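Going down the list, the protein sequences come from chains A and B. For any residue, its number in our numbering is found by taking its place in the first sequence, counting from 1, and adding 907. For any residue, its number in our numbering is found by taking its place in the second sequence, counting from 1, and adding 1070.
Any given hint could turn out to be false.
What the hints assert, rightly or not - BS3-like, lysine-lysine: derived pairs with alpha carbons at most 30 Å apart:
hint, chain 1, residue 1, chain 2, residue 2
1, A, Lys1035, B, Lys1404
2, B, Lys1114, A, Lys936
3, B, Lys1234, A, Lys1036
4, B, Lys1369, A, Lys1213
Simulated from the structure, these hints should not be mistaken for lab results. These numbers were taken from a predicted model, which means no experiment stands behind them.
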Amino acid sequence: MLSTVRIAAISAAIVAVAATSTAAFAQKKYDTGASDTEIKVGNIIPYSGPASAYGVIGKTEEAYFKMINDRGGINGRKVNFVSYDDAYSPPKAVEQVRKLVESDEVLLVFNPLGTPSNTAIQKYLNSKKIPQLFVATGATKWNDPKNFPWTMGWQPSYQSEAQIYAKWLMKEKPDAKVAILYQNDDFGKDYLKGTKDGFGAKAASSIIMEESYEVSEPSIDGHIVKIKAANPDVLLIYTTPKFGAQTIKKTAELGWKPLQIITNVSASVGSVMQPAGFDNAQGVLSAAYAKDGADSQWNNDPGMKKWSEFLDKYMPGADKTDGGYVYGYGAAQTLAKVLEMCGDDLTRANVMKQAASLKEFTPDTLLPGVKINTSATDFAPIAQLQMQRFKGQKWELFGDIISGDVPSE
Amino acid sequence: MSAAEDIVTEAPAVEAVPKRAMTLGYGTSLVVLAALILIPLFVKNFIIFQMTMLLIYALAVMALNILTGGSGQFSLGQSAFYAVGAYTSAILMEHAGMNYALTLPVAGIVCFGFGFLFGQPALRLSGVYLALATFALATAMPQLLKLGYFEHWTGGVQGLVVTKPDAPFGLPMSQDMWLYYFTLAVGIAIYIASVNLLRSRSGRAFMAIRDNEIAASAMGVDVALYKTLAFGVSAGITGVAGGLGAIAVQFVAPDGYTIQLAISLFLGMVVGGVGWLPGSIVGSAFIIFVPNIAEGISKGLSGAVFGVLLFLVIFLVPHGARQVAIVAQQLAAKLKKN
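Hey, can you work out the whole structure from these sequences and the hints?
Put into structure tokens, the structure is as follows:
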């Protein structure tokens, strides 16, 4: 009798211990790269080479996670941000990402920059089931959860932005004769396609000219002269920053005043509008999803105040007109949010699950009304933009927030 | 003659026996070979991948070495041949479903033809002018690959994603390790063939042209034929390297084959020692690992650090790894005497 009681007591104790230990076990789950004290995040970005201007994004993200760590980390874990230079070269990107995954053993790869580099690593990361999170490119193909469930974009896709321009033009200037200047690569062609999709049946009658240039051309003045000869009244400028500045300057020099719309990529005040000349840039249109660090209207904005304080403390001397600081801050904040949502379940699968469950999330640096939403079938976090017009020395927003969701292919 | 050309002609002139000076002794060769075979068994897949890239770039550097060190012609256009090889392999694998191993000879032959044809007009040029002509080729290539006309095959700016082959016959090997040994086998075959080529009649003709074109033609060497042949052989080997590179990286895109690559290969050749074939692997290691070291020292100034390191190498050992090898050999001989 006594022995049965004893056995019962012992087995009850064992069951209790087992129950608590499995409960504890269920609470904390880790994949390679995460532990009780640390989350390892990998990143590649061109710190050298032709696209090294983007290196500032990586530096901002590094500083952001330093700030997070100084405040105690995410759920008590420090973020270890490992960032390598890929020099904007696909073979180098593959090498560096493999180093991150196989040698540094990171939990995920965050914000790798550039369409060619991301294309080169996409298959590898997906076959290894490692999150390729919030890639820093606006190509539309990153929103493809069915075929690439481990890859997710962040910024609005080029196609959705172009659609917004087309929609706006059809409404405001229905009889416009549109000329398009685009860079002859995936970046420019995505914009071209988005514009045509946006015009729909009216594309053939509205677009009177498509002129492309190569990124290696030193100057695009010749193209502008050629476009002017066709006499359009709207010029869509789908270029990278250097060529954007050249275009605005050249049209002014020719004494030509079409309605100009420039891509968000080249809307920087510091690196495009100022070199093009503020006088020449008056009235140019664009669209935005993030606040401009150089714009005084945000001086009292609580989000931008936080951003500004962050820069002053962690990146003293930073040039606030450079859009890279705003971009890196917003992207890093989004990742911090996802990691926070993961709680103690820091598996790669859960990271993707949480990244695909962002609801109405607003990083400090996005325009009021622009919200991040994702779902299991929507891997395009930011899909909203607002039109803006250049006036004086800054952009003025006007109209409503426009959504340009492009369905995944 | 340009200053650049002097360096090339000077180096072999120092050595009285250029044929021998181009290779390693049997003992050393075997040690290097054993290291290349054994190391992958003990390291991570990532390191194996880096070693694969090391061999691939070494092949490309060696190809340039045959052209410059062998026949005395310059090329800054090797990236174009590398790109053609890479695209040939990628297109055959992805569009025609051809076995990866079979695409390599095709890539080699296509590039040989391309290089041979390019060698024809290049005949009229020498020294820096030839370097500039090939430079033009390298700058043009990424744009040619983007042309809408070829886009159906090349994938335009998006490039092509290539499937990595598994180890055959169910060998218990990772894809990386298999590809490494495959690359090593191809590399050794090409190395042996190149050494034999340089020791053959044709090799002697190359070197005669390099040393003195007029004397060579007086001796009955068909200067035009051998010069273009050197271009063809060099381009062919570079093409095979490009094909292997496409398989290893699993992706080809125009932006991967810019003039930057051509300059890297040129750099690799100089660092390895012009005209010294085994130096190719040292040069290749330099162009792969030194940028990583520079980045480790300073992220923001990686380019400057790389420049300083390169400057040091050129300043201290102007003849590259070959000079180091000779000094080491002399030291060893001294130690033996003592």
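Each hint, compared with the structure:
no., hint, result
1, A:Lys1035 <-> B:Lys1404, "violated, 53 Å"
2, B:Lys1114 <-> A:Lys936, "holds, 25 Å"
3, B:Lys1234 <-> A:Lys1036, "holds, 17 Å"
4, B:Lys1369 <-> A:Lys1213, "holds, 27 Å"
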